[in-house]
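Peer 1: Sequences listed follow chains A and B, in order.
Once you know that position 488 of the first sequence is 487 in numbering that gives the first Met the number 0, the rest is easy, because the numbers rise by one and skip nothing.
Once you know that position 145 of the second sequence is 144 in numbering that gives the first Met the number 0, the rest is easy, because the numbers rise by one and skip nothing.
Bear in mind the hints are in silico, worked out from the structure with no lab data behind them.
The beta-carbon is built from N, C-alpha and C at its ideal position, and this holds for glycine as well.
Be careful, since some hints might not be right.
[As the list claims (entries may be wrong)] One side only, chain B facing chain A, incomplete, derived with CB under 7 Å:
| no. | residue |
| --- | --- |
| 1 | E8 |
| 2 | A11 |
| 3 | G53 |
| 4 | E61 |
| 5 | T64 |
| 6 | F65 |
| 7 | L119 |
[Unchecked claim] Within a straight-line C-alpha distance of at most 30 Å, the following computed DSSO-like cross-link-like pairs (lysine-lysine) qualify:
| no. | chain 1 | residue 1 | chain 2 | residue 2 |
| --- | --- | --- | --- | --- |
| 8 | B | K73 | A | K128 |
| 9 | B | K2 | A | K181 |
| 10 | A | K158 | A | K732 |
| 11 | A | K630 | A | K331 |
| 12 | B | K68 | A | K751 |
| 13 | A | K181 | B | K1 |
| 14 | B | K14 | A | K158 |
| 15 | B | K18 | A | K158 |
| 16 | A | K181 | B | K15 |
| 17 | A | K181 | B | K14 |
| 18 | B | K68 | A | K128 |
| 19 | A | K158 | B | K15 |
| 20 | B | K68 | A | K181 |
| 21 | B | K18 | A | K751 |
| 22 | A | K181 | B | K7 |
| 23 | A | K751 | B | K14 |
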Amino acid sequence: MPTLTIDNQTVIVAEGGSVLDAAIALGIVVPHYCYHPALGAVGACRQCAVTILEGSQKGLKMACLIPAEDDMQVSTCEEEAVAFRAQVGEWLMTNHPHDCPVCDEGGECQLQEMTIGAGHGIRRYRGNKRTYLNQDLGPFVAQEMNRCIQCYRCVRTYKDYCGGEDFGVMGSQQRVFFGRFKDGPLESDFSGNLIDFCPTGVFTDRTNRFRTRSWDLQQAPSICPHCSLGCSILPGGRYQELQRVRAGGNRLTNDSFICDRARFGSDWNNHPKRPREARISGEKVEFPYALELLEERLEKLVEEYGGETLRLLGSPRASFEANLLLKKLAEKYGAPAPYYDAHPRRAFAARMAASIPSGQLASLKQLRESDLILLVGVDPLAEAPVLALALRQAARAGARIVALDPRPLELPCDFEHHPLTQESLLRGLSAPEENELLESLRQQLETSQRPVLVGGGELLGGEGLRLLLHFSESCCGSHDCLIFPVLHGPNSFGGGILGATGDSNRNLIEDLENGNVRALICVETDPAIEHSEPGRMQLALSRLELLAVFDHLPTNTVATADIFLPTRTIYECAGTFINNEGRMQAFDPVLEPGIPIVVTGSGGHPPRQFETTPPGSAPRSAVHLLQWLLKDRNDLFGLRRQIIKELPCLRDLDRLAAGDNGRRIADCGDTLEESRTEIWAQEGELQVLPITARYGSDLYSRWSQSLTSRFEEPSVWIHPVEAAERGFVNGQKVVLRTVVGHFHLPLVFKAKMARGRLIVPCLPGTPLEVFTPGGLSLPCKIYSEVDNA
Amino acid sequence: MKKLLLKKEIDAFRKKAQKLEHPREMVIDLLRAIQDHFGWVPDAGVELAADILGVPPIEVEEVATFYDKIYRQKVGRYPIHICDSICCWIRGGEEIAAHLQQQLGIKLGQTTSDGLFTLLPTCCLGGCGRAPSIMVGKRFYGHLTCDGLDQIIAQLREEAVG
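Chain B extracted, bound-state conformation (with noise of 0.2 Å):
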């Protein structure tokens, strides 16, 4: 079983939180440590980031259900969020968004059988001079086409072996 944080990063979490005025505003430093640590936040993870900060769980449950970068259920390791917005529909996002649920064999808010990729509609991610558009983990794709997506995806598979 996964931690949801080392010791050490807790303690350095609370250390830090002791010398802020307003604690509360690490809360999404601190959950997205969760989830780099975990692969998303469970409720105890918003509990535990509750407590270092001195909050309710509730305080911090408004903020980590706001975010849709924050994950409240189990994703896969690569969540890829796709773009859903204006600039990226004008551009052929909804045939990026097709090919990718094709190619995985999953429809958007899935996770594929092998837990690799769950596929999370976004809005917007930004990148509008650049659509269309997907962001896997943190790292950012633009102006795609479906054979460069086909690379994407091969590429992370061949990560994620090796």
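If we strip away everything but chain A, and leave its shape as in the complex, we get (with noise of 0.2 Å):
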């Protein structure tokens, strides 16, 4: 770890680090451009000029080029520096536009800020400035290409990074142009970063274009709800309404990194059907009479029936704070441990990855460091984006990436794809040495040096991941196979955690089919949406005396909910996330609740009436109103210390604070021994297998109006000499038959696909939101429309 000076300052900076580093370590400021900590240094602005006084390379240098050595000694103040600085910041300047009062990175622009930092102020340059057309890059990202300093940011973030292959650098000398080939929405999920990594204007969020000025934003540190990564994120809104995300910086987690979904898919927050005021049986009332009603009807019926007639069902939505108090809940009323999880199979994947030692869980940290990747069951890309951007990583860097899954997966690095159904890769986990693949993999992967297994929760359930922590025991020699699992929300681990304690082979559905139940509340949750069966739980849910519902998504079990309370979401409120590798994560609340004033004002001044609060601000957080019901009255901290009490395993919780890198739990001791049977199909059987959409088969994303330009047109997929044997052609309308419903759809050809199996997207808004995935397939017959006349 080398030792250095700088100005007179000494500071040790980690092997590999340039002067720059030390620089910024120090807190002086270098003007830079081109050098971001998770790119790299190119040396391609020439502004961050230093000068080396005693080292091996003395004189005036780019201190993002030169190695940070011992007994170094630098200078940001020799004269010749500084003039250097001033002189290129001049040059920056020449073509670059003055219209920073127009411009959405007003503010929040490290041009301005480094130009003023080099000591330039004042233009002396009276010519003409070079100017562009701009291209339409689609509805996430404006261009505006005269503001560009040609510092290669974007490229080298799009391209090299995300491995965008739509985006590139054209033209030379003065003419140098970032963009497309030719006008058309930007095709990477991961465009939006973009605007995080543009030092100046030229690519901003054309979703909050002339909105707000960054000065003027709420913003604080969060944790993104799309998926069960936690990536952190920097939410910003103004006014009630939730305008942007940024990404925030976790480098043990997304680095500076996230997908479009997380990045333009917030504002189901501010989604004008979305509840705000308490109800019962479908009729607006005051919040507190509406949970003393609750309360009064709770304590009714348990005294009438007895606690073994309710049920408790949390969330993987909900944060680790209110699924804990919900299961106190239980115990207050005598009712059995609640549901984590409305979707059985889901549940149980939760349950299991929550069971794997913490030791042997990998951050995406160390999956960008792997050098041998096997991906089981799980398509990234629409699971958790983010580990699609690790993969490439890992990739550039020299891994080799495997993945096994029965989908025509894409991810943007080279990777070797084995098309193999749902049901052969479980058989094949329960049996690897019988298993040719697996075997050799097994090997490959005993000799590689910092192996990970990636297991999709989704498809290969929790029997499937238990299966998987077999494998990766038996290629465990001399170093860890750490596992990566990837499940449902963001707070399925935390769940999985509580959950582990409960009764295993319970199923929500029976147990509400059964007849005993007479009430249920639903946390943050909609076991309509996230059951596989949406139609039987419907039927279950009309059966029951009391169905209260805590929700912010305008789902159809709040609209038939006997008394539903409106919370907060994690937008407004604080809380805990424990994300797929067991990281506690916190997140800090960035608006109160309230209509946005753009929609109570319809664009000019809100109404002038006279009430102590803004309308729409009854949303209380799911944590306020379990407190309420247990008459619990600890703080968010205390609630935390009571926590740590009962469950050592999360000992740093208290710990916690928002923006942090978070902190992984402890072994929560015991493994888990739970099995559950499940009836693998037979090869030959034609069956079908609902899968996640990239965008909208979560509930945030199904609320999102900015996705919907994303959301794929529904259609069946078939491996087309699966089509060719049945005398199918591609893009022929077809009948698909399974025990949900009969389905027409356009049949879809996809060459790299598992044969034997179609495949359905679910997606909202069309006749496929039936389908839920995270079940194994189901039994299909599949006519051409003709024939079904």
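Dock chain one against chain two, each of which comes alone in its own frame, and use the hints as you go.
Peer 2: What follows is the structure, given as structure tokens:
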């Protein structure tokens, strides 16, 4: 670790660090553009000049390119370097338009800050500036090329880091242009990172144009709720409207990158139909009245019929604190332990993941550093997009990526794909030594240095994850083979920890159908969407005496609830999520709940009403509601201290702060001995597998209006050979018959998928929304529309 | 309508691309071939090249727009590159450029109305020892004088008629 001196201050930097890293560590501002911690240095902008007084390379040098050395003496104040930086600043600014007052980047623009930092203030150049025609890059990213300073960060982000193939740099000299071959939406699922990485206003957020200055935004560090990875994000809003999401920085998880689903899928928070008032049988009532009525009815029910007639359902969307309080509520009323996912197979997968010893779980950082990654039953771009970015970084560093999955996988890097059906995958894992492919992979995993197994909880289920854990243990020779489970929601893992102590063979729907259950409380979940048989679940819910729902999404179950209490979203309250690798991460509130002023004022000044609270501010956090029912007066910190006492494996919970790197849970102790019998269909029978679509399958994207442009058209996928055997052609309209209904769909050929299976992506707002991913494949029949008639 | 490339040429390029470890190394050859055939490289030419090489069109476009001898806009039958660099300036390059513009009645970057000539400044043609110089298509002319230029233009006009 080299120790060097910059401007008479001594600093130690990590091996391989540059002089610029050392200056940044000391808080000395050396202006720079092309260097970014996640992208590295290229020395393209020439802005970070410093003088090396002592060291192997003396004189005026680019700080980002000179490795830090022991006993190096560096000065940032030498006259020559100061003049050099000012001149480079002036030169980079010659073509830059003075449009900061109308530029969305204004106020958080690195170019503004660094130009001032470089000492350039007054423009001398009076000539014409170079101008461009901008491209239409789709609904997410707006381009304004005149502002470009040619630092090349955008191509390095989009192409090199994220693996996008439709963006590049064209022309030469004064004509350099960063964009697409032709106008059109950016194709990468990570296109929004251009906005964060461009040091000036060339690429800005098109969904949030001309709305808010950065200094007017309310911001707070938070965690992305779209998948189980728990990427750190920095949402911002104003006037009770959530306006944008930027990537946070957590080098252990997402580094500085997020996917487009995270960035542009946040307006569900402002959804016009979001329920903001308490309701009893659909009628709006005062919040305290509804809460008191709920308590009264619960007490009466428990008194008359006993606690066994009450069921509680938590959710992977709700914070860990809320889910834990739900467990206490169950204890208070003598009800059975709560369910934490309405989907029994997903719930089991979460319990299984939570039982993997903490030391065997990989983080995204470890994934990026791995040399052999085996993906088993996981589609990163659909289930956990930032995982695909981590795979790309591993591949760029020379790792081999092997995927076993029935879906026609796409990844932003080279990989080896074996399209096995879900059933043959599970069967293979149950006896890996008899499977040639798995046996050869096992040997390769044994000989690699830092292998990681990535298992998709959705396709494999808990049973599959258990088999994968055994498989990984059989590969552990001299070193560990880490596991990276991919789960359903941001707090699935937390639900898994809490659910581990319950009776594992229960099934919510069978429970409800038994007839003994009279009341159900759902916390931030809609069992009718989440369960694998929505129709059956709806029927079961309608038979209940009391259905109480706490939620913030306009779901059908909210509309049919007997007692409904609106909750705050993760952007409106504090809490903790536990991500798929057991990392506890805290989030802070960004906004107060309320109807956005842009809605109440319909564009102008909001109406002058004499009320003490803003319209739509009734929602309380789920934690608050449950604490009220429990008469628990702890604040969040007290609550966390209490949790630690009961669950020692979460001992670092009270040391969390939103925006930090999060803390891993410690080992929870016993490994789960649970097992569920699954009947895996035979090869040869045609079955249909419902899968997660890249956009729309998770509940938050479903209600994000800005993502709708990315939703696919409904279709059913088939392997071309399979289709040829049955005499189908590509694009033909077919009828798909399954237990959940008949569907008229176009048939789409996918050459890279498994044979013997049909695949349907689950898409909201289409007939396919009745399918729920996460189950086994279903028996089906397929006809051409003509034959069917 | 002229074709971008003949079918047999396309087939030959495809065959060659299959044998190469990095087919993209053929990108200049391919763009040149399209240009020789079609006169310049339209968008469809970039897309054809990308298809033959198996790379996204933007990667071909990056190369095509970098080099000024690949024409991404329609040019005259004889594109004239006038060297616009120090050695030629010293030896009267600017007079040559002015003379050419006057004789042809067009400015730099324009094409004559008969579609014969396009004037393009280039830095540099690498013929410093024979400055001032121009390049017409792939033919290089050095040690130029205004009279010499008139002869070259007259010759080219004759060639075009013949």
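Peer 1: Now tell me if each hint is right for this structure.
Peer 2: Hint-by-hint comparison with the structure:
1. Residue-level restraint check for E8/B is violated (minimum Cβ-Cβ distance to chain A is 23 Å; threshold 7 Å).
2. About 25 Å separates the beta-carbon of A11/B from the nearest beta-carbon of chain A, more than 7 Å, and the hint is not met.
3. Evaluation of the G53/B hint against chain A yields a violated restraint, the C-beta minimum of about 12 Å exceeding 7 Å.
4. Taking 7 Å as the C-beta cut-off, the interface hint given for E61/B holds, the closest approach to chain A being about 5 Å.
5. Below 7 Å, beta-carbon pairs count as interface contacts, and T64/B has one with chain A at about 4 Å; its hint therefore holds.
6. Because the beta carbon of F65/B sits about 5 Å from the nearest beta carbon in chain A, less than 7 Å, this interface hint is met.
7. With a least beta-carbon distance of about 13 Å to chain A, the hint placing L119/B at the interface is violated under the 7 Å criterion.
8. Under the criterion of a C-alpha separation no larger than 30 Å, the hint pairing K73/B with K128/A is consistent with the structure, at around 26 Å.
9. Among the hinted pairs, K2/B with K181/A is consistent with the structure: their alpha-carbon atoms are about 22 Å apart, no more than 30 Å.
10. Simply put, K158/A and K732/A have alpha-carbon atoms about 37 Å apart, too far for the 30 Å limit, and the pair is violated.
11. About 11 Å separates the Cα atoms of K630/A and K331/A, which keeps this hinted pair within 30 Å; it holds.
12. Between the alpha carbons of K68/B and K751/A the distance comes to roughly 41 Å, so the proposed pair goes past 30 Å and is violated.
13. Distance restraint check for K181/A and K1/B: the Cα-Cα separation of roughly 23 Å lies within the 30 Å cut-off, and the hinted pair is therefore satisfied.
14. Under the criterion of a C-alpha separation no larger than 30 Å, the hint pairing K14/B with K158/A is consistent with the structure, at around 28 Å.
15. At roughly 26 Å between alpha-carbon atoms, K18/B and K158/A fall within 30 Å of each other, so this suggested pair holds.
16. For the hint linking K181/A to K15/B, the alpha-carbon distance of about 28 Å falls within 30 Å, and the restraint holds.
17. Restraint check for K181/A and K14/B: the C-alpha separation of about 28 Å stays at or below 30 Å, so the hint holds.
18. A hinted pair counts as satisfied when its Cα atoms are at most 30 Å apart, and K68/B with K128/A qualifies at roughly 25 Å.
19. Our distance criterion of 30 Å between C-alpha atoms is met by K158/A and K15/B, whose separation comes to about 27 Å.
20. Annotation: proposed proximity of K68/B to K181/A holds, straight-line Cα distance about 22 Å (limit 30 Å).
21. Of the pairs offered as hints, the one joining K18/B and K751/A holds, with about 24 Å between alpha carbons and a cut-off of 30 Å not exceeded.
22. For a cut-off of 30 Å, the pair hint linking K181/A to K7/B stands: about 29 Å separates their Cα positions.
23. For a cut-off of 30 Å, the pair hint linking K751/A to K14/B stands: about 25 Å separates their Cα positions.
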